[in-house]
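Undergrad: Input sequences plus hints: build the corresponding full structure.
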Amino acid sequence: MEILMAFVIGILFMTATYLMLSRSLLRIIIGTGLLSHGAHLLILTMGGLKRGAAPILRDEIDTYTDPLPQALILTAIVISFGVTAFFLVLAYRSYKELGTDNVEEMRGTKPND
Amino acid sequence: MTNLIVLPILIPLLTGAILIFFGKNKLVQRVLATLSALAGIIVSFIIVQKVRTDGVQSLNISSWDAPFGITLVSDMLSALLVFTTSIIAFACLLYSFKSIGENRENHYYYSVFNFLLVGVNGAFTTGDIFNMFVFFEVMLMSSYVLLVLGGTKIQLRETIKYLLVNIISSALFVISVAYLYSVVGTLNMAHISTRINEISINGMPGILTVIAVLFLIVFGLKGAIFPLYFWLPGSYYAPPAAVLALFGALLTKVGVYAITRTYTLFFYHDGFVFQLLAILALLSVIVGVIGAIAYWDIKYIVIYNIIVAVGVILYGVSVMNPAGLTGSVYYLIHDMIIKAALFLIVGIVIAITGTSNLRKISGLITRYPGLGWTLFLAALSLAGIPPLSGFLGKLLIVQGGVEGESYIGAGLVLLSSLLVLFSVMKIFINGFWGKAQTYEGEEKTPVKWLLISPAILVVLSAIYGIGSESFLPYINMAAETLMDPSTYIEAVLKE
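Line by line, the protein sequences are chains A and B.
Mapping to this note's numbering: the first sequence position 47 is 47, numbers consecutive.
Mapping to this note's numbering: the second sequence position 152 is 152, numbers consecutive.
Accuracy of the hints is not assured; some may be wrong.
In silico PhoX-like cross-links for lysine-lysine, where the CA-CA straight-line distance does not exceed 25 Å [as the list claims (entries may be wrong)]: (1) B:K50 to B:K494; (2) A:K96 to B:K153; (3) B:K444 to B:K153; (4) B:K153 to B:K98; (5) B:K24 to B:K98; (6) A:K96 to B:K161.
To spell it out: a stretch of chain A is covered by chain B in this simulated footprint if at least three of its residues, at any positions, have a beta carbon under 8 Å from a beta carbon of chain B; those stretches are [claimed, not checked]: (7) 20-28; (8) 32-42; (9) 73-87; (10) 95-106.
Distance windows between CB atoms, simulated [what the hints assert, rightly or not]: (11) A:A85 to B:G203: 42 to 48 Å; (12) A:M1 to B:M483: 40 to 46 Å; (13) A:T84 to B:N25: 30 to 36 Å; (14) B:N25 to A:L88: 27 to 33 Å; (15) B:L414 to A:I3: 49 to 55 Å; (16) A:A71 to B:E442: 52 to 58 Å; (17) B:N25 to A:D59: 53 to 59 Å; (18) A:F7 to B:S200: 27 to 33 Å.
These are calculated hints, taken from the structure and not from any lab test.
Cβ atoms here follow ideal geometry from the backbone N, Cα and C, with glycine treated the same way.
TA: As structure tokens, then:
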């Protein structure tokens, strides 16, 4: 199971890298979304994918899945939500101000290009 | 007072939260922010003294025992860095009052300023690797907002790049933590160290070397080492001077601290990663000085000097002997103070002249002698002229390099000082000597007020250099904890 997940995560990272190297800002943001999906799945996988009950304490159950990676993922998810929301608004604002979504055109050192 | 070490995180957090309610009231914002900055300085000074007398302080949040809950740890290095951060924050705050402009002040500038301090102080104090990630994000999120606040075109453009680079490096941080967790099964830094020590009796396993290099990539992206520094010159060119000083003094140094901490605590078994670190650090020095002497733009000159300093500090860490580490700690604190001072001075020059192009500036010394001599002292201190503070750190780093028989490295560090001196003297000679001119922005600039902060910092740096005898016990104590992780581990795990 871990092997299969490793391949899936690898494909996610590959796609994310490809998208982040493109010119359009929106494709880059989609790339960052895929990158964080990959990272979150990786935490889950590296925590171990053994069979066990959901980590909710009940009397009759004696094996649980590891609760720690789930807490880490939950934290990482909300952080990446916050950053992605900021990035999307930033992209919107800079599209209005700069008049382009092509990152190749966002160059130069002059303060008001 | 066992909760003492959480205060440097808690004070700015509460201040930032309270300031949100006074979004439009400039006076309240300024007074509260100043009071909280002063409180930060006092509290962090008390922590330094406490660590000095009682050894490494650790605090288990909510009283969960050490490997299971989040632990905050304040050893001498953390305490000193938090203290330095508080001083720099106070100086930048004073500078902000007259330079940042009403528009930014009305849009939660002081709140975000305080949240940045939460992130930086938290990253310095935490003893949990995932908690360090969270504090990094707190710091980065505030830095995105500070970078883009004002919304000029250059800021928007550069924030996009800065944001993208940091999203990637944060994802890599999560990935590295996931790998490390699957190998050692714990997140507490002291506990990770003991587990790695247990499995590394016959040399470090390959997977841990890979994780060490991954951490180097992650923190190298934050700390701008070669070849991961490419985002820094552009991004740091965009924000206003007060924000720039805060970034230049604090953000990259958090990356440097994280490399130092993880390498001395986790990966001290592995010679390979230290060699890699040494090579990358020296390449950063080379790239940095090339940039610093190539430009005729005063902002870029100081920005590339950040990369030089990061290289010098990490070279001292990479030799991993007492002299090198002591030198690195000493130089780290010196560099935080002097970089903040330099950026603030550069900000004043740009405010007066309206340009950062050195070819269009000359003869400032006739009208602004105070500014000129402050810059002169800061430049000498940056290059490491003996009575000032840059000297001892570099001396010890070179000594560490020679003791570690890495003569090329020691030579490069010495040569870099010469070129750094040249690059900063270029600002002084071209900008301050020569024929006096008049500039458009000169009437509106409150030079006297703005000069207070860099003057305070330069005086502090001079005291730090001249009185180095009385500071060295603290620095030595920090380096000893780095050399010998067992004191850190014992303080956390209470074995």
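Undergrad: None of the hints should be skipped; say for each whether it holds.
TA: Here's how the hints hold up against the structure:
no.	hint	verdict
1	B:K50 to B:K494	18 Å, holds
2	A:K96 to B:K153	10 Å, holds
3	B:K444 to B:K153	24 Å, holds
4	B:K153 to B:K98	23 Å, holds
5	B:K24 to B:K98	17 Å, holds
6	A:K96 to B:K161	17 Å, holds
7	20-28	holds (count 3)
8	32-42	holds (count 7)
9	73-87	holds (count 8)
10	95-106	holds (count 4)
11	A:A85 to B:G203: 42 to 48 Å	46 Å, holds
12	A:M1 to B:M483: 40 to 46 Å	43 Å, holds
13	A:T84 to B:N25: 30 to 36 Å	32 Å, holds
14	B:N25 to A:L88: 27 to 33 Å	31 Å, holds
15	B:L414 to A:I3: 49 to 55 Å	52 Å, holds
16	A:A71 to B:E442: 52 to 58 Å	56 Å, holds
17	B:N25 to A:D59: 53 to 59 Å	56 Å, holds
18	A:F7 to B:S200: 27 to 33 Å	30 Å, holds
In summary, the structure agrees with every hint in the numbered list given earlier.
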